[in-house]
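Visitor: Chain by chain, the residues run as shown.
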Amino acid sequence: MEAKSEIYSQGYRKWEGERKQQTPPWFLIGEAGLANLFESSGKKTKFFFFSLFLFYYLGCFGITVLRLQADNLRSVPAIAPFVEAFAGLNLDYPEIWWHAYMLANPTAAFAFIAMIIYGAQLISKDKAANALQIYFSKAVTRFDYILGKFFAIGLIMALATLVPSAIMLVTGLVVTPDFMKYISQAWYVPFIITAFWLLYTVTYGSVILAFSASQTSSTRTSVLFFGFLMVVELVPLLISKLMGASDFITALSWSDSIKGIADALLAQEAADGGLLFWQSVMVTAYTVAAMVFLSRRIEPVAVVS
Amino acid sequence: MEAFQQQGRHTIEINKVSKWYGDVSALNDVSLTIGPGVSGLLGPNGAGKSTLLKLMSGQLEPSLGSVHILGQRFQNNPGLFHHIGLCPEQDSLWEELSGPSFLTAMLELQGWPHRDAHKRSHELIGLFDLTKAGTRRVSGYSKGMRQKLRIAQSLAHQPKVLFLDEPMSGLDATSRTLVADIVRELGETGVTVVISSHVLHEVENITKEVIIINQGSLRARGNVYEIRELLADHPLQLELRVSDPRRFSRACMAKNHVVKVELDPNEKDRVLVFTQHQNQFFQDLYEILEAEDLAITSLHAEDEDMEAVFNYLIK
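If you read the sequences in order, they're chains E and Y. Numbers given in the working numbering equal positions in the first sequence, counted from 1, plus 1154. For the record, in the second sequence the residue sitting at position 285 is 270 according to the working numbering, with numbers rising by one throughout.
What the hints contain is simulated information worked out from the structure, not anything from laboratory work. Treat the hints with caution; some may be incorrect.
[What the hints assert, rightly or not] Dumping the calculated DSBU-like pairs for lysine-lysine here, alpha-carbon to alpha-carbon at most 30 Å: (1) E:Lys1198 with E:Lys1281; (2) E:Lys1281 with Y:Lys128; (3) Y:Lys117 with Y:Lys104; (4) E:Lys1197 with Y:Lys128; (5) E:Lys1281 with Y:Lys145; (6) Y:Lys117 with E:Lys1200; (7) Y:Lys128 with Y:Lys104; (8) Y:Lys245 with Y:Lys193; (9) Y:Lys145 with Y:Lys1; (10) E:Lys1281 with E:Lys1200; (11) Y:Lys104 with Y:Lys145; (12) Y:Lys128 with Y:Lys117; (13) E:Lys1197 with Y:Lys117; (14) Y:Lys104 with E:Lys1281; (15) Y:Lys117 with E:Lys1281.
Looking at chain Y on its own, in the form it has when it is part of the complex (with noise of 0.2 Å):
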């Protein structure tokens, strides 16, 4: 299994794919490697989220193109899935069992002995706070525990590939915080995880990595101040408070990379600067205020978040 880390592989290869619901498109032509730590999945709602994170854990087939998941694909090969955990977005637990019970089947679906699998169910209902809930049906569980007993189970036999669908979604804030350390964590102790949401201040709290798509097609992937740098379209935004900034709007439009500044007549000393080059900026911004003998108060960048990212590559 590890052979394909030798090779100089990735732990999810998809190549070429693409997939088609009778006349409809839902992912057109995608090629895309992810390897070991957290990528975030975004787009917007019908984007091809989904039907790209089905396809990635095994429970679609493409049309069209292959997936293959630490080196092996899916096809008549039922023991890959002893390394992949799947968190889906819809509603999949047994009503009439209770959460430890739910967790020890499926743990023992993974090969766990009945034993292991009771033990690690329990330390799971521990660990995710549904202790409280005993032995009580699933059925009588809330949105909430409802969720989290779906992230428990997919990371319950310690998988190496890990695809959350939408995790967050009916948490409350201290859930939501339990399961961000936890995602984080497993991504640093080298686990692949891919975690698809169109919240994306939560996927932003977990990791810089991200893969957007839009209408089945990829749009960007990598770091997100990264791919924030390769929109030469949209330059950056700085906002400054300096202590002149009538001579410091001049001095920045001297710089080649600074397309456009702007000054604030409400508010004196902010200033907002427009750059195509954001380490250029920051390598001339010492200069400037140097040679002007200018002092700024305070910088900020304004859409260089996920969020502004996001937008400009969607919208």
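Here chain E stands alone, though its shape is the one from the complex (with noise of 0.2 Å):
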């Protein structure tokens, strides 16, 4: 019979027995995830956020050429402007400084567009789709599903700190006047910007990856996570109109202490140790509750009691 032919003509016999897996499921269903968002993106959505990081980007490469190159620049009567325009500014600071200057407001503000815009689809849409009971009927575990989701959103979070950071070092090391100088630096500014990465995609990732599980729409997902997003602002704000300001009620925000980590990391108008302290605590605690929350949303079946 035709159909017979087709399917079991193709000497696919070698299958026969115990199969490897030849590419991790995480990285797979990031993939996927990643995919499918960039295919349901509209080409105005794609062209802005291509400008943006394009002149994000060339502002990291510029400001690195005119940093490290500005004895030589200032003579350039069209680029010394650019150079005087950075005359209040010590051009001395280390490598980590102008990390630090770059990355750490930016990041802030993208990690809330990007969360917005595409961390809020990353589960809705599957659950929307009912793809759940797809991913589970195959070889994959819930672990693996909630790392790829973290992969993704790795990945989306890499643009606007691994990427940036990446072009001001090797811009750096190709155009710094002193080598050795530029690598005593900024050996270790990798390190400190993978963490820095890291916090960004374990602490927003998990609170939006737990909203985008509990819903199917990705808008509704939106809203709630700028509804998490102002009660966590408003709420320490208001205790401490009552009761007093103290490092535990100005810990409570989520954002800013994500941000107080993130200086602290890069070594910027670090908070003090008791503030800082706080702030680790609660941006430890609202993690692992979403974290918690999360796996426990993440059933191939939704049960209906």
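Mind docking these for me? Both chains are given alone in their own frames, and the hints should help you get the complex.
Guide: What follows is the structure in structure tokens.
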């Protein structure tokens, strides 16, 4: 019969017996999630993000060239005004300071926008399409699935952290007038930026994925996430008005606490020890709670009691 | 993986399984074994078919009891899913991907290298007559095309155990025939296929082996004709057209296994015989025809099909 020859004549008998996973499932899930997001994005959205990052990366490149080649570029009339724009800054600041200058605020803003637009879709879309049942009918564990989603978030967040950092470091290595001095200032920067990237990926990722796992609509997920941000910003403000400010109350503000830890990591305006401690405790608590909620919401079949 | 067969175990072993959703009992103390070949899982809406299928395919965990597939349990055993295929009843596709991309992704999740997965996905697209859709997104597929893609992903990786939940839903006649042929052939080549449907004649076209459940309990399992024989409360109805119905009726009534004989006042040669033992009746029929010098022009079992068995067990 026609169907038989089609199905059984493909020479895949080598697949008999135990199979070994060729690519980790979490990688495939993250990749598929991103491909799904990319395909579903309109041309305008793609153009907007492409332009935004192109501009940002050009800025990272330009500033690195300007500060490291300031002495030479001052003599070039067309570029001299750009160099003077940095006159107020000490061009001898270490590399990590410039990374903090370029990355800290854009990353915080990008994390918010990326989670609202993309992070919100990562699980809710799967739930809306009932794709969890398909995933979990394959050799995919709940851990693989969640790790895959964090991988997707990580790749998105890398656009605002790892990629510009890599651009700055590579540019710095190429244009620095004193290679050894630059290496001595910059050798630890990749480690700090990786920790910075992980901080945003894990904290923002856990919360947005938890909300996404609770919904079948990305719009509702975005609204919930926005609402959460409002609540965790306003509640500490109200409590501090009523009861007076303290490190503990200040640390209740989720996004500010993440920003505080990030600043401490980048050694820029680090909070004092007490506030940093409570910020770390609070961010950990929010993250663990979100992770627990997330893992409980990931089931192949939605069971309605 | 094959060791379980050497131990004399079945492909699917369900032992005293119960499943509750809160206070609602969906399955109650079901024990069942299923071997290679195609088995139809039948039951009315809400009988527990989907729950049983989800338990067998590792989508749900039983509240009580155990499920073994190929001699193994699902708990902490993701490798077992390499040997299982599932076509869920509900829509479950990635809308933004094309059909071939979706199948490739599914095969990669089952451990296939990308190049082989890509090749295999295009073969299946051809087999299921989805080539015309090309690289069109799944969101633009018709209901029937989506169903075929769901079936394709379930069997693409050549599973040893295949679960199909309402696979014919939304398919046109040609596609139904194609899917029925494929499922039948899979069963013949040693794959264990469990096909759940409430459209009985579709299942009957594929297999005579059935599992009938109702209200969360197993009502019958096995060959539909054997089950029919066991239904003593419902004698088998045979419609015959004979040369002398009255004489034939008298001869039939003399047999112990014949419960009742009805003559049709409108069609003079038509007789309905109700017997407890079909095989015995056919043995006696030859003797009656010879002894009474009668001739029959037609013989037809009225309620021997799957629908009749199902109705007797469920209603």
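Visitor: All hints, please: hold or fail.
Guide: For each hint, the structure was consulted:
1. E:Lys1198 with E:Lys1281: Holds, at about 26 Å.
2. E:Lys1281 with Y:Lys128: Judged against 30 Å, a Cα distance of about 19 Å means the pair holds.
3. Y:Lys117 with Y:Lys104: Roughly 17 Å separates the two Cα atoms, so the pair holds.
4. E:Lys1197 with Y:Lys128: Given that 30 Å is the threshold and the Cα spacing comes to 28 Å, the pair holds.
5. E:Lys1281 with Y:Lys145: Holds - the C-alpha atoms of Lys145 of chain Y and Lys1281 of chain E are around 28 Å apart, at most 30 Å.
6. Y:Lys117 with E:Lys1200: holds, 29 Å
7. Y:Lys128 with Y:Lys104: holds, 25 Å
8. Y:Lys245 with Y:Lys193: holds, 28 Å
9. Y:Lys145 with Y:Lys1: holds, 24 Å
10. E:Lys1281 with E:Lys1200: Between Lys1281 of chain E and Lys1200 of chain E the Cα gap is close to 24 Å, so the pair holds against 30 Å.
11. Y:Lys104 with Y:Lys145: With a Cα-Cα distance of about 21 Å, the restraint between Lys104 of chain Y and Lys145 of chain Y holds, given a limit of 30 Å.
12. Y:Lys128 with Y:Lys117: holds, 15 Å
13. E:Lys1197 with Y:Lys117: holds, 26 Å
14. Y:Lys104 with E:Lys1281: This hinted pair holds, its Cα atoms lying about 29 Å apart.
15. Y:Lys117 with E:Lys1281: holds, 29 Å
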